[in-house]
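Let's have the full structure, built from the sequences with the hints guiding it.
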Amino acid sequence: MSANYSPSEMMTIAAARALKNDDVCFVGIGAPSAACNLARLTHAQDIVLIYESGTIDTKPNVLPLSIGDGELCETALFTVSVPEMFRYWLQGGRITTGFLGGAQIDKFANLNTTVVGSYEKPKVRLPGGGGAPEIATSCGQIFITMNHSKRAFVEKLDFITSLGHGKGGDDRKKYGVTTAGPTKVITDLCVLEPDPKTKEMMVASLHPGVTREQVIEATGWAIKFFDKIAEMPPPTDKELKVLRELHARTKAAHGEAA
Amino acid sequence: MSANYSPSEMMTIAAARALKNDDVCFVGIGAPSAACNLARLTHAQDIVLIYESGTIDTKPNVLPLSIGDGELCETALFTVSVPEMFRYWLQGGRITTGFLGGAQIDKFANLNTTVVGSYEKPKVRLPGGGGAPEIATSCGQIFITMNHSKRAFVEKLDFITSLGHGKGGDDRKKYGVTTAGPTKVITDLCVLEPDPKTKEMMVASLHPGVTREQVIEATGWAIKFFDKIAEMPPPTDKELKVLRELHARTKAAHGEAA
Amino acid sequence: MAVVQKLAEAIEANLHDGDTVAMEGFTHLIPFASGHEIIRQKRKGLTLIRMTPDLIYDQLIGMGAAVKMVFSWGGNPGVGSLHRFRDAYENGWPNKIEIEEHSHAAMANAYDAGAAGLPFAMFKGYRGAELPRVNPNIKEIKCPFTGELLSAVPAVKLDVAFIHAQKADRDGNVLLEGIVGVQKEAVLAAKRSVVTVEEIVDDFGPRSPNAVILPHWTVTSIVKVPGGAHPSYAHGYYTRDNAFYKQWDTIARDRESFSAWIDEHVMRKGPDAFAAFAKRAV
Amino acid sequence: MAVVQKLAEAIEANLHDGDTVAMEGFTHLIPFASGHEIIRQKRKGLTLIRMTPDLIYDQLIGMGAAVKMVFSWGGNPGVGSLHRFRDAYENGWPNKIEIEEHSHAAMANAYDAGAAGLPFAMFKGYRGAELPRVNPNIKEIKCPFTGELLSAVPAVKLDVAFIHAQKADRDGNVLLEGIVGVQKEAVLAAKRSVVTVEEIVDDFGPRSPNAVILPHWTVTSIVKVPGGAHPSYAHGYYTRDNAFYKQWDTIARDRESFSAWIDEHVMRKGPDAFAAFAKRAV
Numbered sequence: 001m002s003a004n005y006s007p008s009e010m011m012t013i014a015a016a017r018a019l020k021n022d023d024v025c026f027v028g029i030g031a032p033s034a035a036c037n038l039a040r041l042t043h044a045q046d047i048v049l050i051y052e053s054g055t056i057d058t059k060p061n062v063l064p065l066s067i068g069d070g071e072l073c074e075t076a077l078f079t080v081s082v083p084e085m086f087r088y089w090l091q092g093g094r095i096t097t098g099f100l101g102g103a104q105i106d107k108f109a110n111l112n113t114t115v116v117g118s119y120e121k122p123k124v125r126l127p128g129g130g131g132a133p134e135i136a137t138s139c140g141q142i143f144i145t146m147n148h149s150k151r152a153f154v155e156k157l158d159f160i161t162s163l164g165h166g167k168g169g170d171d172r173k174k175y176g177v178t179t180a181g182p183t184k185v186i187t188d189l190c191v192l193e194p195d196p197k198t199k200e201m202m203v204a205s206l207h208p209g210v211t212r213e214q215v216i217e218a219t220g221w222a223i224k225f226f227d228k229i230a231e232m233p234p235p236t237d238k239e240l241k242v243l244r245e246l247h248a249r250t251k252a253a254h255g256e257a258a
Numbered sequence: 001m002s003a004n005y006s007p008s009e010m011m012t013i014a015a016a017r018a019l020k021n022d023d024v025c026f027v028g029i030g031a032p033s034a035a036c037n038l039a040r041l042t043h044a045q046d047i048v049l050i051y052e053s054g055t056i057d058t059k060p061n062v063l064p065l066s067i068g069d070g071e072l073c074e075t076a077l078f079t080v081s082v083p084e085m086f087r088y089w090l091q092g093g094r095i096t097t098g099f100l101g102g103a104q105i106d107k108f109a110n111l112n113t114t115v116v117g118s119y120e121k122p123k124v125r126l127p128g129g130g131g132a133p134e135i136a137t138s139c140g141q142i143f144i145t146m147n148h149s150k151r152a153f154v155e156k157l158d159f160i161t162s163l164g165h166g167k168g169g170d171d172r173k174k175y176g177v178t179t180a181g182p183t184k185v186i187t188d189l190c191v192l193e194p195d196p197k198t199k200e201m202m203v204a205s206l207h208p209g210v211t212r213e214q215v216i217e218a219t220g221w222a223i224k225f226f227d228k229i230a231e232m233p234p235p236t237d238k239e240l241k242v243l244r245e246l247h248a249r250t251k252a253a254h255g256e257a258a
Numbered sequence: 001m002a003v004v005q006k007l008a009e010a011i012e013a014n015l016h017d018g019d020t021v022a023m024e025g026f027t028h029l030i031p032f033a034s035g036h037e038i039i040r041q042k043r044k045g046l047t048l049i050r051m052t053p054d055l056i057y058d059q060l061i062g063m064g065a066a067v068k069m070v071f072s073w074g075g076n077p078g079v080g081s082l083h084r085f086r087d088a089y090e091n092g093w094p095n096k097i098e099i100e101e102h103s104h105a106a107m108a109n110a111y112d113a114g115a116a117g118l119p120f121a122m123f124k125g126y127r128g129a130e131l132p133r134v135n136p137n138i139k140e141i142k143c144p145f146t147g148e149l150l151s152a153v154p155a156v157k158l159d160v161a162f163i164h165a166q167k168a169d170r171d172g173n174v175l176l177e178g179i180v181g182v183q184k185e186a187v188l189a190a191k192r193s194v195v196t197v198e199e200i201v202d203d204f205g206p207r208s209p210n211a212v213i214l215p216h217w218t219v220t221s222i223v224k225v226p227g228g229a230h231p232s233y234a235h236g237y238y239t240r241d242n243a244f245y246k247q248w249d250t251i252a253r254d255r256e257s258f259s260a261w262i263d264e265h266v267m268r269k270g271p272d273a274f275a276a277f278a279k280r281a282v
Numbered sequence: 001m002a003v004v005q006k007l008a009e010a011i012e013a014n015l016h017d018g019d020t021v022a023m024e025g026f027t028h029l030i031p032f033a034s035g036h037e038i039i040r041q042k043r044k045g046l047t048l049i050r051m052t053p054d055l056i057y058d059q060l061i062g063m064g065a066a067v068k069m070v071f072s073w074g075g076n077p078g079v080g081s082l083h084r085f086r087d088a089y090e091n092g093w094p095n096k097i098e099i100e101e102h103s104h105a106a107m108a109n110a111y112d113a114g115a116a117g118l119p120f121a122m123f124k125g126y127r128g129a130e131l132p133r134v135n136p137n138i139k140e141i142k143c144p145f146t147g148e149l150l151s152a153v154p155a156v157k158l159d160v161a162f163i164h165a166q167k168a169d170r171d172g173n174v175l176l177e178g179i180v181g182v183q184k185e186a187v188l189a190a191k192r193s194v195v196t197v198e199e200i201v202d203d204f205g206p207r208s209p210n211a212v213i214l215p216h217w218t219v220t221s222i223v224k225v226p227g228g229a230h231p232s233y234a235h236g237y238y239t240r241d242n243a244f245y246k247q248w249d250t251i252a253r254d255r256e257s258f259s260a261w262i263d264e265h266v267m268r269k270g271p272d273a274f275a276a277f278a279k280r281a282v
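If you read the protein sequences in the order shown, they are chains A, B, C and D.
For the first sequence, the numbering used here gives the first residue as 1, with consecutive numbering after it.
For the second sequence, the numbering used here gives the first residue as 1, with consecutive numbering after it.
For the third sequence, the numbering used here gives the first residue as 1, with consecutive numbering after it.
For the fourth sequence, the numbering used here gives the first residue as 1, with consecutive numbering after it.
These are calculated hints, taken from the structure and not from any lab test.
Treat the numbers as computed from the prediction; the structure is a model and nothing was measured.
Just to be clear, a hint being listed does not mean it is correct.
Calculated cross-link-like contacts (lysine-lysine; reagent style BS3-like; alpha-carbon spacing at most 30 Å) [stated by the list, open to error]:
{"hint": "1", "chain 1": "B", "residue 1": "K174", "chain 2": "D", "residue 2": "K139"}
{"hint": "2", "chain 1": "C", "residue 1": "K142", "chain 2": "B", "residue 2": "K167"}
{"hint": "3", "chain 1": "A", "residue 1": "K20", "chain 2": "C", "residue 2": "K191"}
{"hint": "4", "chain 1": "A", "residue 1": "K20", "chain 2": "C", "residue 2": "K157"}
{"hint": "5", "chain 1": "B", "residue 1": "K241", "chain 2": "B", "residue 2": "K197"}
{"hint": "6", "chain 1": "D", "residue 1": "K157", "chain 2": "B", "residue 2": "K174"}
{"hint": "7", "chain 1": "B", "residue 1": "K241", "chain 2": "B", "residue 2": "K251"}
{"hint": "8", "chain 1": "C", "residue 1": "K246", "chain 2": "B", "residue 2": "K123"}
{"hint": "9", "chain 1": "D", "residue 1": "K191", "chain 2": "B", "residue 2": "K20"}
Below you can see the structure in the form of structure tokens.
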């Protein structure tokens, strides 16, 4: 085990560990992409990775900068059009686990990636939802990766870009949604999971060395903890090695391309 | 010019002549397929032929027995799935001329390929509409090829499989249809075209040697003639040669396959 | 996750009496070997969905496997009638069957909707045509922006899809090429799927990035049956047996010659018999 | 029927002030050469439709070509904001622009519906999401069979579609390979289309029967512009210039450096300048 790792590496590794060998993942750029490929290169070598650019069962050697880098297509089993991706594969219910992130999250894991401030007169105009609104409802379950801060973990979203557990309980069903929704929020401090009944996201495990106070301090709502909190095992040497090699290859590839 | 040709050859040749070099045709099996390929091998070498099996811009060396013979795919520019064929290409309005035929036709060129007798208790259960209901309304215009007989050219259809000019006039518009519909019915005796106003199909030309009486006798309604009737020029030597070679190649290919 | 099985095992495990099934292939890649195995296993009460019933459903219907057929063009392509279907529908031999009739566009869209997880398909269809009068599964919907009326039909939802393809790889992925019809849609619209293939390869090798592939986690069972599409065909392997399609008209025209043919060519044979047709490859 | 032209002629003939256009390419094959020519020809009042506006629309918006943008994800992929878009939308520089915002699923379906000749698209979308509150072009429809509620958006209908592809042949057919995005749909949903290509060949040669092709009678104008997708990429020709995407963040962050960049790399250059990027092929 290595003591020298960053909180961001711990977040990626915790997300990778949550993935199973038979998962079919709808992968986003950034931490999700790193986590999914780390899982593929360690304990889940048969995991199927799908990017919304249409690339199915892809095995990139370097992480893509964009959702449609050539690497994804070149290493994919096959590539479909974007309408087919969203119609047959996502809406068709063929994905077990989708990844999302956002600028803001609330206690029911609803997400905002649209605006800070009002929609009509935003303080900050963010990129928008992209695939998120339908990823959130069509995948079997959702994993969310985000850095933990009061600015991001808020009492009330400025805009609901994608549905988490709505107002809690079985609120998803009201919208005709039958999938599980967010089952894990993986941050650089801890992992949140929904209370089975209220669906409020609560701390299920802390990363090594992280205190409850740190989490409380970094959360914009009165965050709750499960009765039994596990401590996330630190990254193994292998996990760190594979992740760092992946990032090094990526950095070299993207720099050289200029 | 050759005097030795059959009425069926004249029908195919008359249909071929009606096709233009820049037509994009939705081709059916039988006489339409022979006519379209004859046109391609004579005066309209750039004509685009599409079969509903998904084969686009195909140049078969022998006529297909089925709508999806391997020959069609092997000689096609490309082949799409059947949903794409009906959605993007037919419904998308990308076809100039569609071919239809049927067991029964009425004076407004509505067609029946579904049942003889009642739908629920048919005297003869025919194959059904296949692509016809949407070909009839989505193509720029429709050519119909049928052998001329009282049993086929009827006062009233047992079942309306596909729309021609409906009850006449601008009846097609009532159904939200903006395409021209049947502009020619090409038989083994003559060519019918719609009256510009009533849209009743009337004799526009007679095949060589065919009399008005023969046509009247073979039609189940009181068929009308345009004021000026042309006589269809007989097949040229080249047309007959190309058509017969096409049929000979086809016969050899289909027989040998056993 | 696809498993490689024997054909008898695959049918046994995946198909039950009363199931709603599609055996697709638009002229090309029709899964005849699966059809014959279903006849041998004497399944009953099936609802058979197929755009063009073709000989494969004529054979199943003639053997009493079906109670309902959903279709859009019920003939022997380029030849004439499906006599066994007509005998069942018109005369109730060997049993009565119900029909649900659509157009090709309707069924192609209904498969697409099934694959896409939608409850129904919409299209510009049936305008001025009479089928909506006799088929209650054809309705209208209105565009909420323009007011235009469109046709609606229920999505195809299957218990089992049967298809035939050129190749599977060791991971259980399936490659189709040529006239691909609605096979991908049928498999994606089904709870279970049985895919017979010409061959199983280690790797598909060099190919278009946009090749038509069904990945392993969408397929239930893979069975190697070379020639398994005969008298239909497999692009790149063997051609359509157009002469047999013509002969079928005589074979199926009466009940005795049909029964004799099935006895000789289906009941007394197994899937290996199809290999003889694969060998005639061109 | 496709004609082969110079880029300046193609834009001149096909694009008019006030048109509704899409320049598509999902990360891959983005038609930057056409975008630059549109800037040089100073078109105004355009409605720009694109799932991911990317740098191509950031450049057009920064030069005042657009009055409206329809989109589903408006960032610099993997990098951050589109500063010129934000400056126009938040501060009205160089002019105000209106936005119409959708999800990817909505736009992908809307392109599909446009290609299919439908007036609208339906999908299981926006459930529990807030965009329908602020976008009147998102409505609901009800399945006439199950009563399930689905989202509806208008089909994409374009005056002109601009795409970049690998190859055209002498007949004017266009071949795309790799991440094909919504380009086929964009062309089929458009009245006119301008396709820039890496090369024009006599014949596409051996290929999958199911290759992605736009046939000549669906294309208005073909222009050979090697490297014309840079800093995006062309599968089989050259890779994405990820470093430039990162540099753009600095270039576009302020108005002066943006204007200087456009002046140097767009206004003082022509389509031939893109050939330098094609040569960096891997």
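These are the hints, each one checked on the structure:
1. K174(B) to K139(D): holds, 27 Å
2. K142(C) to K167(B): holds, 25 Å
3. K20(A) to K191(C): Answer holds: K20(A) to K191(C) is near 22 Å, not above 30 Å.
4. K20(A) to K157(C): This hinted pair holds, its Cα atoms lying about 29 Å apart.
5. K241(B) to K197(B): Violated, at about 39 Å.
6. K157(D) to K174(B): Given that 30 Å is the threshold and the Cα spacing comes to 24 Å, the pair holds.
7. K241(B) to K251(B): holds, 15 Å
8. K246(C) to K123(B): holds, 24 Å
9. K191(D) to K20(B): Answer holds: K191(D) to K20(B) is near 22 Å, not above 30 Å.
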